[in-house]
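Protein chains in written order, with our numbering: chain A, 1 to 289; chain B, 1 to 328.
Any given hint might turn out to be false.
As the list claims (entries may be wrong) - Far from chain B, some chain A residues (derived; all Cβ distances over 12 Å):
| id | residue |
| --- | --- |
| 1 | 18 |
| 2 | 131 |
| 3 | 141 |
| 4 | 181 |
| 5 | 207 |
| 6 | 278 |
| 7 | 285 |
Unchecked claim - Distance ranges between label pairs, derived from CB positions:
| id | chain 1 | residue 1 | chain 2 | residue 2 | range |
| --- | --- | --- | --- | --- | --- |
| 8 | B | 37 | A | 18 | 35 to 41 Å |
| 9 | B | 127 | A | 108 | 44 to 50 Å |
| 10 | A | 147 | B | 68 | 45 to 51 Å |
| 11 | B | 24 | A | 230 | 53 to 59 Å |
Simulated from the structure, these hints should not be mistaken for laboratory data. Quick caveat: nothing in here was measured; it's all calculated off a predicted structure. Glycine residues also receive a C-beta, built at the ideal position from the N, C-alpha and C atoms.
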Amino acid sequence: MSTALAALPATTRKPRATVPPMVAFALCWIAAMLAVAATVQWIAPYSYTALDLRARLHPPVFMGGDWRHILGTDELGRDVLARLLYSIRLSLLIAFGATLIGAALGTLLGFLAAHLRGLVEQVVLALADFQASMPFLILALSVLAFFGTSLTLLICLLGLHGWERYARISRGLAISAGAQGYAAAVRQLGASPWRVYGRHVLPNIASTLIVSMTLAFPEIILLESGLSFLGLGVQPPETSLGNMVGYAREYLTRAPWILLSPAMVIVMTTLSVSMLGDWLRDKLDPTLR
Amino acid sequence: MPLLKAEGLVRRYESRQGLFGRIAHIRALDGVSLELRKGETLGLVGESGCGKSTTGRLVLGLEPADEGHVVFGGAPMPGPTTPEWRRLRARMQMIHQDPLGALDRRLPIGAQVEEPLVIHRRGDAAARAGRVAALLEEVGLDAGHAARYPHELSGGQRQRAVIARALATGPELIVADEPISALDVSIQAQVMNVLAEAQARHGLALLFVSHDLRVVRQVSHRVAVMYLGRIVEEGEPDAVLREPAHFYTRALVSAIPHPSRRDAKRIVLKGDPPSPAARPAGCAFHPRCAAAVALCAREVPELKPRADGRKVACHLAHGDAMPVRKAA
Numbered sequence: 001m002s003t004a005l006a007a008l009p010a011t012t013r014k015p016r017a018t019v020p021p022m023v024a025f026a027l028c029w030i031a032a033m034l035a036v037a038a039t040v041q042w043i044a045p046y047s048y049t050a051l052d053l054r055a056r057l058h059p060p061v062f063m064g065g066d067w068r069h070i071l072g073t074d075e076l077g078r079d080v081l082a083r084l085l086y087s088i089r090l091s092l093l094i095a096f097g098a099t100l101i102g103a104a105l106g107t108l109l110g111f112l113a114a115h116l117r118g119l120v121e122q123v124v125l126a127l128a129d130f131q132a133s134m135p136f137l138i139l140a141l142s143v144l145a146f147f148g149t150s151l152t153l154l155i156c157l158l159g160l161h162g163w164e165r166y167a168r169i170s171r172g173l174a175i176s177a178g179a180q181g182y183a184a185a186v187r188q189l190g191a192s193p194w195r196v197y198g199r200h201v202l203p204n205i206a207s208t209l210i211v212s213m214t215l216a217f218p219e220i221i222l223l224e225s226g227l228s229f230l231g232l233g234v235q236p237p238e239t240s241l242g243n244m245v246g247y248a249r250e251y252l253t254r255a256p257w258i259l260l261s262p263a264m265v266i267v268m269t270t271l272s273v274s275m276l277g278d279w280l281r282d283k284l285d286p287t288l289r
Numbered sequence: 001m002p003l004l005k006a007e008g009l010v011r012r013y014e015s016r017q018g019l020f021g022r023i024a025h026i027r028a029l030d031g032v033s034l035e036l037r038k039g040e041t042l043g044l045v046g047e048s049g050c051g052k053s054t055t056g057r058l059v060l061g062l063e064p065a066d067e068g069h070v071v072f073g074g075a076p077m078p079g080p081t082t083p084e085w086r087r088l089r090a091r092m093q094m095i096h097q098d099p100l101g102a103l104d105r106r107l108p109i110g111a112q113v114e115e116p117l118v119i120h121r122r123g124d125a126a127a128r129a130g131r132v133a134a135l136l137e138e139v140g141l142d143a144g145h146a147a148r149y150p151h152e153l154s155g156g157q158r159q160r161a162v163i164a165r166a167l168a169t170g171p172e173l174i175v176a177d178e179p180i181s182a183l184d185v186s187i188q189a190q191v192m193n194v195l196a197e198a199q200a201r202h203g204l205a206l207l208f209v210s211h212d213l214r215v216v217r218q219v220s221h222r223v224a225v226m227y228l229g230r231i232v233e234e235g236e237p238d239a240v241l242r243e244p245a246h247f248y249t250r251a252l253v254s255a256i257p258h259p260s261r262r263d264a265k266r267i268v269l270k271g272d273p274p275s276p277a278a279r280p281a282g283c284a285f286h287p288r289c290a291a292a293v294a295l296c297a298r299e300v301p302e303l304k305p306r307a308d309g310r311k312v313a314c315h316l317a318h319g320d321a322m323p324v325r326k327a328a
């Protein structure tokens, strides 16, 4: 098939649209963040726990500091740049991991509900209602308080955040596709459920799920910040972006730089993810090309 | 031996009136029997809601029948979504009314025409590509359309693509559920011809569901008229349309627009078709029938053959009762 398609005249193919500058920027930013996360142990100027007690609350270069600590130091004399780079790694791991877990779990349950209907559907919908009506922070607090805090548990727990949205979206769209449209037609061709859902339903609803993921990503970063701030998220001396913002709050008037750089990274990353998601959704839809 | 034999098909749906209302059983199909031989076209006509499409879904086994059974190629129809049922899809196909809805808008036409071949593991990639090209040519599309997406095609081209997909595995039976009613009048005839040619070339059995009597007359070897979940008349299309025996068929035939005839001769039925949930006793058509007698309200007429071979379900047509007054 692919050879036959490649042999076709080029007239049926439209010229590839150029990437808009904002999206290019978002791509670069996320690539840079991922590069930092991958190589942090080699590029960080200091260890994130290294103390420099003689240079406590040292301002960054652009606020009258010197080049030893480019982004200044915190109240214990730890280098902000080093801590920022390590925080990026941990926060990205948590945010991406949790978003993917939530999307995969929610979509799977939604498809199961749409395919099996009956009791399974009732249970999934009841769970989704339960999840939606329960303040997530309370659930997270109780789980972490009982089982202690570990990174794996934290990621899985945050993965539970927002699964009900994916479940509802995927169930609704799968049912409507199965009742009348393309999914019914493909099932009628003799396709197995794997093929119907994997090759047809999932790509068709991917744009909606991706938008939902780009909305969930910043929420998870903020949620992680909130949990870390309450002392149940990332535990010191480990550090995350939310954790840095939380602890730097006390020094906001005297040493705003401690809070400024992680806050900026949070804003830029979530913004980039949103823009990239938006662009990706349009890109994946052949009718919008 | 007929390729497809359906006997006494009954399909009930449940519907609840209001939030806590009692459950009403709707008999969408009430004992439908039909036979279809290889290479034969059976036209199924009737107004909307009479169970035409449900009949189509039941003979394909897409839904189980509540009563009665379907025999295809000498074997009973397996239950939906079982592996045997899935394998059987290669031998029976459906053509939907809305081609845009039936196609996946994210896949190019070529990939979708190829899909049944992939599902049923026919040939390798090169053989499948050749088959797709042949299929597209057969339905009047060119090779360039293979790389197009459904939204880039016109309605007629989309329906051709759907027909190509249905023909891919070389099925023996095709159920076409109002295949041209979503299309522009100017291209209905073209698509109809594509279907008729494919039917003649491959010797397909075709169950053609439509509400358009003229189209049915044009393509069918036999026509069955449905009213409220039952077949009320069945016979040769020309004979049925020239000299309808059932009073419902008479009304249907008289509704065909005719340039040389005055509208005064039209039989206009009173009222709406009754709900299948509240089926009239006796002949379901008697409240709207101009010639109904007391017997019609009492006894359900059976579908049985007349002397000329036509099957009719009407007391009057069989001479079991004398009409009170002549129908228009």
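Verification of the hints:
| no. | hint | verdict |
| --- | --- | --- |
| 1 | 18 | holds, 21 Å |
| 2 | 131 | holds, 26 Å |
| 3 | 141 | holds, 38 Å |
| 4 | 181 | violated, 4 Å |
| 5 | 207 | violated, 10 Å |
| 6 | 278 | holds, 18 Å |
| 7 | 285 | violated, 8 Å |
| 8 | 37(B) x 18(A): 35 to 41 Å | violated, 60 Å |
| 9 | 127(B) x 108(A): 44 to 50 Å | violated, 35 Å |
| 10 | 147(A) x 68(B): 45 to 51 Å | violated, 58 Å |
| 11 | 24(B) x 230(A): 53 to 59 Å | holds, 55 Å |
The structure fails to meet hints 4, 5, 7, 8, 9 and 10 from the earlier list, while all remaining hints are met.
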